[in-house]
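> Chains as they are written, first to last, in the working numbering: chain A, 1 to 338; chain B, 339 to 676; chain C, 677 to 1014; chain D, 1015 to 1352.
Hints are supplied without guarantee of correctness; some may be wrong.
Subject to a maximum C-alpha distance of 16 Å in a straight line, what follows is the list of computed EDC-like cross-link-like pairs (lysine to aspartate or glutamate) [unchecked claim]: (1) D:K1209 to A:E143; (2) A:K195 to D:E1157; (3) A:K67 to A:E175.
Source of the hints: derived by calculation from the structure; they are not laboratory data.
Nothing here was measured: the structure is a model prediction, and the numbers come from that model.
4 protein chains.
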Amino acid sequence: MLVVMQQRATAEQIESVMAKIGELDLQAHPIPGSHRTAIGITGNTAAIDPSSLVGLAGVGELIRVTKPYKLASREMQQEDSQVHVGAVCFGPGSFPVIAGPCSIENEAMLMQTAQFLLQHNVSLLRAGAFKPRSSPYSFQGLEYEGLALLDKVRQATGIGIVTEVMDASQVAAVEEVADVLQIGTRNMQNFTLLKRVSQSSTPVLLKRGMSATLEEWLMSAEYVMAGGNRNVILCERGVRTFADHSRNTLDLSVIPPLKELSHLPVIVDPSHATGRRAYVAPMARAALAAGADGLMIEIHPQPDQALSDGAQTLAFEPFEELLKSLTEIAPSQHRTLC
Amino acid sequence: MLVVMQQRATAEQIESVMAKIGELDLQAHPIPGSHRTAIGITGNTAAIDPSSLVGLAGVGELIRVTKPYKLASREMQQEDSQVHVGAVCFGPGSFPVIAGPCSIENEAMLMQTAQFLLQHNVSLLRAGAFKPRSSPYSFQGLEYEGLALLDKVRQATGIGIVTEVMDASQVAAVEEVADVLQIGTRNMQNFTLLKRVSQSSTPVLLKRGMSATLEEWLMSAEYVMAGGNRNVILCERGVRTFADHSRNTLDLSVIPPLKELSHLPVIVDPSHATGRRAYVAPMARAALAAGADGLMIEIHPQPDQALSDGAQTLAFEPFEELLKSLTEIAPSQHRTLC
Amino acid sequence: MLVVMQQRATAEQIESVMAKIGELDLQAHPIPGSHRTAIGITGNTAAIDPSSLVGLAGVGELIRVTKPYKLASREMQQEDSQVHVGAVCFGPGSFPVIAGPCSIENEAMLMQTAQFLLQHNVSLLRAGAFKPRSSPYSFQGLEYEGLALLDKVRQATGIGIVTEVMDASQVAAVEEVADVLQIGTRNMQNFTLLKRVSQSSTPVLLKRGMSATLEEWLMSAEYVMAGGNRNVILCERGVRTFADHSRNTLDLSVIPPLKELSHLPVIVDPSHATGRRAYVAPMARAALAAGADGLMIEIHPQPDQALSDGAQTLAFEPFEELLKSLTEIAPSQHRTLC
Amino acid sequence: MLVVMQQRATAEQIESVMAKIGELDLQAHPIPGSHRTAIGITGNTAAIDPSSLVGLAGVGELIRVTKPYKLASREMQQEDSQVHVGAVCFGPGSFPVIAGPCSIENEAMLMQTAQFLLQHNVSLLRAGAFKPRSSPYSFQGLEYEGLALLDKVRQATGIGIVTEVMDASQVAAVEEVADVLQIGTRNMQNFTLLKRVSQSSTPVLLKRGMSATLEEWLMSAEYVMAGGNRNVILCERGVRTFADHSRNTLDLSVIPPLKELSHLPVIVDPSHATGRRAYVAPMARAALAAGADGLMIEIHPQPDQALSDGAQTLAFEPFEELLKSLTEIAPSQHRTLC
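So that you can see chain A by itself, here it is in the shape it has in the complex (with noise of 0.2 Å):
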């Protein structure tokens, strides 16, 4: 349930609304708005008696919500949610690009990755330091030893740092280093590490589950938004279907209905998606068209000798090149590259 506040609802109008929806045993969560705000309530909302909230002063308007994700839902927040890292904004006007390499090997590596992309205007580096491996005998990253590589890199250049955290035991670490916690496909459904992450004040990248259809994806957003993170965004990866010419289907096809019901921002992976180097540009310019708010991509200085998914890893050249065709493109949608 939304309770839309008038134009001219004062501060403390707004207070005494929250107080009153807590007397109820429910819980407040105020949105915002550039004209007016309006406050989410999630709980038991099917006790509610109507009148007991209409009537205060300030409140405009009660609406109910129909689906299941609330605070995700566009029923709840109209405009188009803007999640900022840094001087970076993922939501409508901007395009960013999140790249770098699977996972991190060494130093060097990482650093020398960090200034190319700052000298191409990207300024979000990606880069695996707890990596889900199918196979326990696989490497599994450098773990903490590579979140202190992040970090080194971090402060030596002033890039942004995106990296997943595998496990809620985890989390406490991650934070203190990077910008953007992502949460990985395999884990869009670990709720103790949702609940984890919502208590975070870093921005959460929510990967689709494999398998995760619309309404799941959402629901697992609202997890995160529920505890009180509220800078969510989506990450469309590929979902298995029968279909063998690419690793994973890339459903580039779920970013109009998200449009329509979410205000979240939703990015695109077409390196984990396809799975082929050689696939990676076009899925990513066709991201950029079907209206995604941003890219995510694997790059690294030298594909064949990565330690992980070298197949799907863009060598520096290609990447300049594929920046270049998204800034042909990015007019179209009225966005900036960045």
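Model the placement of chains B, C and D on the given structure of chain A, informed by the hints.
Just chains B, C and D now, with coordinates in the frame of chain A:
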């Protein structure tokens, strides 16, 4: 297997190689290129003694084709195919849009749509006379009466006609009015129909089956080409997956591997893929950016009164807006709308 | 819509109700039951004034059928259908097994297989004359010559013949030798073919499309029934999913809902579903335990020399063992093998 | 890699081979068999010089394991594993049924269910204290309070407890009351959790991920086994496909390849797979006939009042009938219900 002739090979030498292939009980398919001619060989090529061909006058080299599809493969023909339909060309550089109602309803509506399209420089009209419907109790199309209406509109306006043929027994009648024979998703492996249209001189639009792999799709194209009709245009229209946010899952990620493996043009039908009017334009733009060679879009003067598939059909005005936005993206793909 | 006649209704009264339905421009389909007759009505029943029928002599009650399939639905006919093929019956109590080679190869092999089957009390032989093959270069079956061989074996041994018909134009020829017309998975929505076999008096085995929903499958059965052929046997043969451990994913879980929604018998083809010899027997036993009404199994005197699908084909001895194990489970399902 | 010891090898020789493996910086996993002992080796085995092991006293032969999963593979251990839980054994010959409510609701209901089960010779109770729920606003289980209730019932009745653990941080508490640690479908690739339960001495029930391939599933089992816990029971619970007639598509066809590739026992959960009460019993019977080693069934004294998943939950009486029908089929599989 592919015989690549020398650049200076004469017409007589080419004839002579083809005759030799015939003597070996194999089929020869000449493939003229910009620099030199190649001759595809199909049949039981395992038994060929290469020396029987390689020594013939004018022969450059012999290449074994490793894919199960031969004539459709990039190995056989490195240059992109160009399929000409009247003044329109499906292939690199251009971006034809096919548009029109799902089914033929009456002459007035058809004429109105054709005139609207021609005013906007769109010169191919789609409209179904034979309608494959899941239910025996649903409207099955105007059938032969519909073909007559198509013919009238074609004669009156000069617009090109793209229309579905559902069965081998209908091909002769449809050929008379159609500039492109459309094979629907449910008939992608109707081999009797494929063999029949392979005898036609009219280009074939081959929609991907609802759960066809890339290889199966190209094998169906191969049926048409092996019979002698090289003018095949592929059409992605969404596949069946667990996802429920759109009618089918539009698989744009099939385009880059298709371009890698085959020289055939591929267009996209976002109307049937999404099943929702609001999602058609963003997915059409994404198709262009992903490397598609054209589009097929459902439009109707009054979509809400359409006899079939109204929910996915654009009215004239949003279609005009779509054309405008495609025009903005096309230069980045080195293509011109037509 | 369904008119349920009173228990004591006379043949004349039934006739008279059917005539009245005809006058309303609707189709009447008599459905005799053990206690009383019902009359299914198809066509635009929305416009019917119930009072025009309910007052007629002998009419018990009118029931609106809510499903898009009518004649195939359990609403129209509560008792399980029994489809008779010679002495064999597909329906409750019995469990017919259909067996034989993928394709007809030669007379000797066919005769040997028929005799083996009859010795084991299996009285339906499957064998393909027309073979739907993904590749135009693969063996396409012996076609009309194959039909002649089937006829010979049938005359000589009295075994019943189940064989595929791929196109409407082949139906007349196939009807002459077949006891059951098989519609393959790729043709489940070949509506021209469905309409043609609906005019036949030979029972139809309708395989599920590779990605057909339960409703689409029953709608295809409805095409056959609406045209007048009520003898439809459904056949589950695996669907397309992401899973790669068997060729298709055998969907036994479709059987209970099918039994709930329809009165038609359903059999299972574990050979095409799994694609692997070693998996056929356990899935055949599971089909029986899940409530299937029969099986269709590929066998061959020398599977490793089969012209097609050898990898999924049982030799005679393992087939005998399978029959024995089915006989142990059948009583728990109140069924007898035949 | 696998070292197969000679039949007459002494305990000292085995020790000595394991010590040698340790010196090579590899892990040794002893696998006692009925005739002779084998020693699995994991780690970077590519670098092993076979001659360094093959000459040791008591060594029979060295076998390279070709699958990415090692300890879980049939190559490593040819005999079927037997996982003992109290007096119950998951493995050939027996067919344990695990039953109980979806979530723990209160002590009385739990006690009533346990007593009912024990009267019917069912000695494993399932009931969830921690509930993974798509929505943050749904009932999340009684959590630690629920564990206390499970402990009470276990102490009072002696029934074995199967209950889910959602996060590594909960394992210590769950181990204290559980006889089997259940890992849910959403956590099949929660690698932190898998590593944690690999340190436990309590058997692990590993549900298949919603879109996990057979190989990924066995790789997750390998995580548990590689850490030292060999007592892994696999559980098929339906996968995500396009099919909409049941909640998930129960993939019984995974059982035969699983038995071929692995020695681990596999059970089936038809309740979560189908999501519909009426479909549970036929799919349970099919699982037995397909070769499953047991079942997991949701039951409740009053299903329609269950706090979660009531639609798929059996009342006591239909569960009794299911047990009876399983008893009829079990002998054909050389199994006894327990």
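> Next step is simple, just say for each hint if it's right about the structure.
Hint check:
1. D:K1209 to A:E143: It holds: about 15 Å lies between the C-alpha atoms, which stays within 16 Å.
2. A:K195 to D:E1157: holds, 15 Å
3. A:K67 to A:E175: violated, 31 Å
Of the numbered hints given earlier, the model fails hint 3 alone.
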